[in-house]
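With the sequences and hints as input, model every part of the structure.
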Amino acid sequence: MKIEIEIDGKKLQVEQNSMIIEAADNAGITVPRFCYHKKLSIAANCRMCLVDVEKSRKPLPACATPVTEGMVVRTRSKLALEAQKSVMEFLLVNHPLDCPICDQGGQCELQDIALGYGADASRYDQGKRSVADKNLGSLIATDMTRCIHCTRCVRFGTEIAGITEMGSIGRGESTEIGTYVEKSLSSEMSANIIDLCPVGALTNKPFRFRARAWEVLQARGVSAHDCVGSNLHIHHRRNKIMRVVPKENEAINETWISDRDRFSCEGLHSEDRVTTPMIKRHGQWEQVDWQTALHVAVEGLQTIAQTQSPSHIGALASSNATLEELYLLQKLMRGIGTNNVDHRVRQSDFHYQQATALMPTLPVAIADIEQQDLIIYIGGHPQFEQPLINHRIRKARDNGATVIMINPVDLKHNFDVSDKLIVANPLLPRALTAICRALSEQNPDAKTSAQELLQSVTADDKHQQLAKQLLAADNSLILLGAIAQHHQQGGLLHGLATLMASLGNSRVGLLTPGANATGAWFAGAIPHRGPAGLNVAKPGLDVKRMWESQLPAYLLLNLEPEHDCANSQRALKALHNADLVICVTPYKTAAMEQYADVILPMAPFTETSGTFINIEGKWQSFTAAVTAQGESRPAWKVLRVLGNLLELDGFNYVASTEITDELQALTANINSDQQINKWRYPSQLPAVNNGIERITYWPIYRSDNVVRRSVPLQNTPISDAPVIAMSQTLAEELTLKAGEDVVVSQVDTSITLPVKIDNRIAGNVVYIPAGFAETAALYESFGSVNIERK
Amino acid sequence: MGNINHVCFRNFDLDQPWTFEAYENMGGYKAWRKILRGELTREFVLEEMKASELRGRGGAGFPTGLKWSFLNPNAPGQKYVVCNSDEGEPGTCKDRDILRYNPHQVIEGMAIAGFVMGATVGYNYIRGEFYEPIERFEIALQEAKAAGLIGLELKDTKVAFDLHTHIGAGAYICGEETALLESLEGKKGYPRFKPPFPANFGLYGQPTTVNNTESFASVPIILEKGSKWFSEQGIPNNGGTKIFCVSGHVNKPGNYEVPLGMPFSELLELAGGVRDGNKLKAVIPGGSSAPILTADVMMKIDMDFDSLAKAGSMLGSGAVIVMDETTCMVKVLSRLAHFYDEESCGQCTPCREGTGWVSRIVHRILHGDGKPDDLDLLDNVAANMIGRTICVLADALAMPVQSFIRCFREEFEYFIEHGKSMVEGN
Ligand SMILES: Cc1cc2nc3c(=O)[nH]c(=O)nc-3n(C[C@H](O)[C@H](O)[C@H](O)COP(=O)(O)O)c2cc1C
Ligand code: SF4
Ligand code: FES
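Just so you know, the sequences run in chain order A and B. If you count the first sequence from 1, position 721 lands on 720 in numbering that gives the first Met the number 0, and the numbers rise without skipping. If you count the second sequence from 1, position 236 lands on 235 in numbering that gives the first Met the number 0, and the numbers rise without skipping.
One or more hints might be untrue.
Straight-line C-alpha distance at most 16 Å; calculated EDC-like pairs for lysine to aspartate or glutamate [unchecked claim]:
(1) B:Lys330 - B:Glu268
(2) A:Lys789 - A:Asp740
(3) A:Lys572 - A:Glu592
(4) A:Lys84 - A:Glu108
(5) B:Lys278 - B:Glu268
(6) A:Lys54 - A:Glu5
(7) B:Lys370 - A:Asp124
(8) A:Lys57 - B:Asp394
(9) B:Lys187 - A:Glu175
Over 10 Å on every C-beta distance to chain A, these chain B residues come out as not near it, computed from the model [said to hold, decoys possible]:
(10) Asn71
(11) Arg135
(12) Ala146
(13) Lys278
None of these hints come from the bench; they were simulated from the model. Yeah, the Cβ is synthetic: ideal placement off N, Cα and C, and Gly gets one too.
As structure tokens, this is what we get:
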């Protein structure tokens, strides 16, 4: 309901339960503030927002005073200004005023407001407080003497990050903001407190003293690390990225970004960036000009296509590649006559690829996740996969939603899970089938073609109870995380989740890896469908079969298969055996120097224009923040020239936006004649093997080539080490102790890893991270392993 | 002890007055038993409370009956009554004696309050430094529970009231009622922004009433002897007796429970007059947060809420700090300022930064480093602290500062000019 109030003579219709400051903000009337932040609870402690309210003798804090009908507010009357100025003076009593050496200078709320409300000279002439700095870890620098005790950072921890790590200790002038016991912050969104801090107490540690705020230019960007598509402001100076900060977008990332999105840029300039084209001649790497390198690549591809067949060439791309890059890659491959193109590099099961939707998208907008009554999350760790989706799930929970986790590992979340079902990984399909059976029993009206399968399992009380909760919810959502998608029966799990949704009046969404999996599907970077879902006559090879087939030639886009792929050892074998491996990549790796023949340096996401389609289906285009380093080039240009040299049609783009437009036009004729959601369920679940199974996960800061190179991220407490984790029970069975090195083997390779005991892992399952050189030599990421004492 | 003890100290002549037996013999728990038997209605008790003109003894003097009427006893959900025995205001030492000598009267008062407001659970938040009072109160509480008077399931009655003791940890700010509630919840004692007031959002977010120990201890008598009797102990709008904690330069410092409205001169006489036959210089009449008044004003004043407010000070907690002619006001203010500087919770800017600033200015005057402009600066900084914070701790320093400068400006000016006190011997 709206009521009428007056602020500074302006009559305003405002929301009944709002505070004066919100009404003022909406009307564009400035009220100075420090502690107030629209995303945090009200603290009313800085007292900077005092305003003059008619009928009140005292000035009242605009941030904490609710509007009432007919209220008359003056934000700049004598009473208000006197109060505001006096608070400003008090704030500066103990503030060091060391602006010339403070990173916040030029972008400081205290500085800005002091300009408007502070006096020219200070009346305070005595000693000032100094406060010892705290070590918050590798991301955030502290200068606690500058702190004005607004407690935004403290409230952020409790209310947004969901983990209380900061607090205020001591009282009066001795109040200090800190972590109680010295520790590095462990939230995956911790660095948002840098933006929240109105002064220079908390600043960006890697960026420290790199540039002054007024020296940098600001470009718009989109996160290249998860499917949220957080909006970024990229700050650069003299063609070098200095730092990344959030760009507010209420529908996507609100005012936040994950630490991964903020600090990945630290990996952009790593020493293994390749900035000149390279070819391997007689086993030796040579830096060459583009013409030479392209010539070698094209000649190689042509030779194989002609002497063998185009279908002997396979192309694999990262799901962080742009829409334009992915589109040109598939166009190139299909142009030379093969459908062997794929981006699903972490997936193990492709059985049901024809049944899935045209492209994975959430059935609700990201912001609407908050409004769900019930969310079932299957297989994964939302907090470390898509921190900002997790944030919405957490908010849903705060709003009273039931959040149920079905997981093979009882992972820790930053909210209280309402209910959970922890089952050993190989039994995940069985658990979902049992829930489906319970659903069909409780909801007999719902039809299903999977009756035979359902009859093959029994549903226990827990399954019945979960089914009941799902049926009782009006607005529910089933989400599939990385473990579910990458699982050896990932296709089936997706199908079962879809079945759960149809029997439980719910909806399913995949939380895909990388920034642009949705775009990759749309662009046609899949072997079984063309752009916009176009039917292909004869599907090409999927990732798995591309590796297994040991093709003579591979074209890799923005990919480090040893770190990025499900079956990294199989990939390495195939690559080593191939005659021609062309890597279009921003970085080189030691393994790549072995298997590659041509390295074409590409521009990472900050140095190219492009588009990502996020998981809610939103297209977000961006331009290059800076020009590509050295001789590296945006990959769309590289692919275009390759197309030209291969004399393919339709590669005459001048700007990447022409590619975007071409794709945009395709949305009109999206192929609707797909066999979408026609799942054909098996009559029985696949047999479960009784040995020890491996689950692979990509730790938050090992997720892609840029992130892996960000040293500050690697140095956080949540960046996992390469270990093999297992339950105490399994360790005892194998007579292993924590910390002990064990030999982990698959097929014909073995590696050595230290044991970590983690009782959250159910069953005879070991949990091994990917994205490390140490674990690259393993085969199937979901499959049996052998473990022996060293 | 004084000699007109009618209410809280009425049992002081008895042997071991703190025992259950002594309290019952004196007529204690009569009102509560009536309530347990269903003989008194909530409405009746509330009306009696209003008619008694009892005003809160914790500092603000808010009418207790009116405060109780803010809670709807029939609203669903848990409600609480909380007794504020944090007694941190410098100069105040009355709640300590109530708890030591008459703990049952506090328990009965709280139980009655619980009945009126539909609160079945109460907490007594007692200052942590109190050893004996905590022990006495806790024993009394066990006695009352054993006697079947306190508890959630009492025999033959629908009324229930359970009570718990909570021990504070030594922060003055935890006497402020919302900081007290935070502290009771296990959090750092930070005052809450009001509204919402505790009556709507109190302990654990539930409707809550906080009263001072002396306020609660006054309740049973109002029901025993009637509101008329009680109000007639004092003067209109200032019902009952009040304990004054007389300290400083008097011959017989101590707690004196006397009728509200008693002339200060009589109270001073009770306390044996100014020591050594010295001349009275000034009095802080209501605890360290109350503005200071000069001797001539004090000798004409009556000790009640309204008279002291009219004179520009307040009755506050009833701590009367008497100072004779040998007192250096700069020194006194410096000591006061230091206290508030130490005790500010640090939440609000004007208080966190202002108390320190004020304290450092007075400190430098006291150490001979005062500057000519310091008094105006002090006065202005104090003015900027008033009415701009979440709770009134800032005002509790700022108002005394202004009053000291107003009443004793010359003394401060002298100190600044000469680097030493105007008062001999300092
Ligand atoms: C800084 C500060 C300290 C206070 N300390 C006490 C105290 O120690 N005891 C007390 O009863 N009230 C204290 N009060 C007053 C309480 O906030 C509250 O008004 C009182 O307990 C209400 O009880 P009453 O209505 O019975 O007076 C304090 C207030 C402030 C602002
Ligand atoms: S460190 Fe910054 S954000 Fe935290 S309380 Fe201090 S000023 Fe506020
Ligand atoms: S913004 Fe209102 S008190 Fe801080």
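Practice prompt. Check each numbered hint against the structure and report the violated ones by number, ascending.
Written response: Hint 1 alone not satisfied by this model.
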